[in-house]
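Chemist: As a plain string of letters, each chain reads:
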Amino acid sequence: MLSRRSVLAGLLSTLPRVAQAQSVTDATGRVLAIPANVTRVFPAGPPAAIMLYTLAPDLLIGWPRANRLEEREYLLPDIGSRPEIGRITGRGNTANLEMLLALKPDLILDIGSTSRTYVTLAERVQEQTGIPYALLDGRFEATAASYRKLGELTRHEMQGKEFASYTTRTLDTIMQRIANVAPDKRPRVYFARGPRGLETGLGGSINVETIELLARNVAGERKGGLATVSIEQVLVWNPDVIITIDRDFASNVKGDPAWKGGTAVQEGRVHLAPKLPFGWIDFPPSVNRLIGLWWLAKILYPERFPEDIRAIARDFYARFYHVTPTDAQMDAVLEGRG
Amino acid sequence: MMPRSALPGTLIAIAVLVAGFAAAFLIGRFPVSIGDIIAVLWSKVADGAADVPAATEAVILQVRGPRVIAAFLVGAALAVAGTAFQGLFRNPLVSPDILGASSGAALGAVLGIYFSLGVLSIQIFAFIGGLVAVTAVYLIGSAIRTRDPVLVLVLAGVVIGALLGAGVGLVKYLADPYNQLPAMTFWLLGSLAAANVSDLVPLFGPVLLGSVVLLALRHRMNVMSLPEEEARALGVPTGALRVAIVAAATLVTSASVATAGIIGWVGLVVPHLARSLVGPDFARLLPVSAILGGGFLLFIDTIARSVAQVEVPLGILTAVIGTPFFIWLLASVSKTWS
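For the protein sequence lines, the chains are E and Z, in the order given.
Numbering of the first sequence is given in my numbering, commencing with residue 1 and proceeding in unit increments.
Numbering of the second sequence is given in my numbering, commencing with residue 1001 and proceeding in unit increments.
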């Protein structure tokens, strides 16, 4: 029941916020008036939800898609179980704007493409709802910059800078160690998605960003997004290594006579990427790929990366996911369960 | 004895099929020579080892071979079903999906992908979806008693097809945009990229059964092109015949769509082409349609897997090639229809 006093209190509480609103520029150069006290953020899609969870978990109103039980094991219990609120980005919105308004977010956060389409979408939603809508760059190489921006937007500058420097450190360390491997000496990798492993990311697609950073993507000659290829084409490419995110494919490919002619299968170089609580390679494409980069570097250049991936992963989970997995949990992750 | 006039047309169809098989076996991303093929096939007959690299043998026996056979079966099945339906409905614009087999299979398949099932289960879902859709259409058609049962059947097919299309849209909308949605999109565009030996059994059985039934009924089908009363007067049980044709055509269509996804146009265009070669008598039309349909899809699939590193979706190729072809056909041979 609304009493006159509570209405008044409510009004008063909003006043100083507006007064102290600060201007922050998002990644597309749009100037946003951010309330002084950001306590509720609506993530427009999975990459935004993940990045926000890592930086300031308590601000996350809910998830674009509810986390499964096995995913929640690797997240803060009260936050990992927050409700499904749909998404308002990309192909079709599953959340509607009235529901969004009912959730009363201080900020809408979208991380991904900063193309004209998404800028206009952001502007339209912001106009309709009056809630500032920030758009950050979701490319892997923009991770550090996006963390700094997100720190500014959510008033968690310190934490944002810390994550940005962790990101830069990780990237620098890994890239320096392989800097003297000539581009044409780097392993040739095929990225396999789908139960038959015949969906792959073409050159420059968001799905293969970490792979293309460290190795040669065999499907990278042509630029684009996801595409289907035939086994024949994969055999012609004859990749040194196959990275997959599909468990069915990973377990079947070794016994599949059609694939056995390829070097990667013969030499046992088919690797299933971990995916708990979020995929390490591209599923969904967010900061979860930072630990994926380590994993990938160790697979591609084992002699240059002698570190124990468990230690690095556990440290990453503690910093970014705010949980410290047990040995058994870490095993499950590294086996690609989930 | 085949009438003289049909002989050249039949020979042309057989020539198309032989050329289709030759092209399909010899052209592809992986280099395979005639010598390799003969060596591998001979080694199977002579029970020895072929003197070719393991990868070449795998391509011939496990990749291209099964795919070529699958392309032939799917093309033949769709053409036979299209011919049967065009005769049954006395309408040249009818294709195998007129009674909702494709939309039912599509809904089954996207549901299978949505629930993250394995490939075989997705195919079973698609197959069952096709059968259920056509059964529903048939029950609606039989429940509504009118003087024109065929028209009611077509209308029921249209509305059920639209409803199932909406169902497909809903599942795509709810799907995860990073993994499931691309898989659904690729599936709905039709492809044989993933066809392998284990696909041939579930494809071959229903296609063979349905085709044998249709071929057995080929003489009686001529009567179906007469008005209902005349057919009855000739002592043909039109109701039972209709059920048999619908059941057999649905069986082959559902099996094809379950294996290869949605491939339009073959079932519409090929029957017309066959009719222009051998005339409207089903006794000749049906087998020639099968031969021509198989040959046609062999050529289309050879293009789909050869022109680029990535697969060109079959549904797109058949539409791009089928549309101008159909217009030409309409203009040049419209007089032979009747």
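Wrong hints could be hidden among the right ones.
Claimed, not checked - Simulated restraints on C-beta separations:
hint	chain 1	residue 1	chain 2	residue 2	range
1	E	LYS223	Z	ILE1027	21 to 27 Å
2	E	LEU97	Z	ILE1327	56 to 62 Å
3	Z	VAL1158	E	THR28	41 to 47 Å
4	E	ARG40	Z	VAL1158	44 to 50 Å
5	E	THR28	Z	ALA1022	21 to 27 Å
6	Z	ASP1281	E	ARG116	26 to 32 Å
Since the hints were made in silico from the structure, they are not lab data.
Just so you know, these numbers come straight off a predicted model, no measurement behind them.
In this text, a Cβ means the ideal position worked out from N, Cα and C, and glycines have one as well.
Chemist: All hints, please: hold or fail.
Modeler: A quick look at each hint next to the structure:
| no. | hint | result |
| --- | --- | --- |
| 1 | LYS223(E) with ILE1027(Z): 21 to 27 Å | holds (26 Å) |
| 2 | LEU97(E) with ILE1327(Z): 56 to 62 Å | violated (45 Å) |
| 3 | VAL1158(Z) with THR28(E): 41 to 47 Å | holds (46 Å) |
| 4 | ARG40(E) with VAL1158(Z): 44 to 50 Å | holds (48 Å) |
| 5 | THR28(E) with ALA1022(Z): 21 to 27 Å | violated (55 Å) |
| 6 | ASP1281(Z) with ARG116(E): 26 to 32 Å | violated (59 Å) |
Hint compliance for this structure: hints 2, 5 and 6 are broken, all remaining hints hold.
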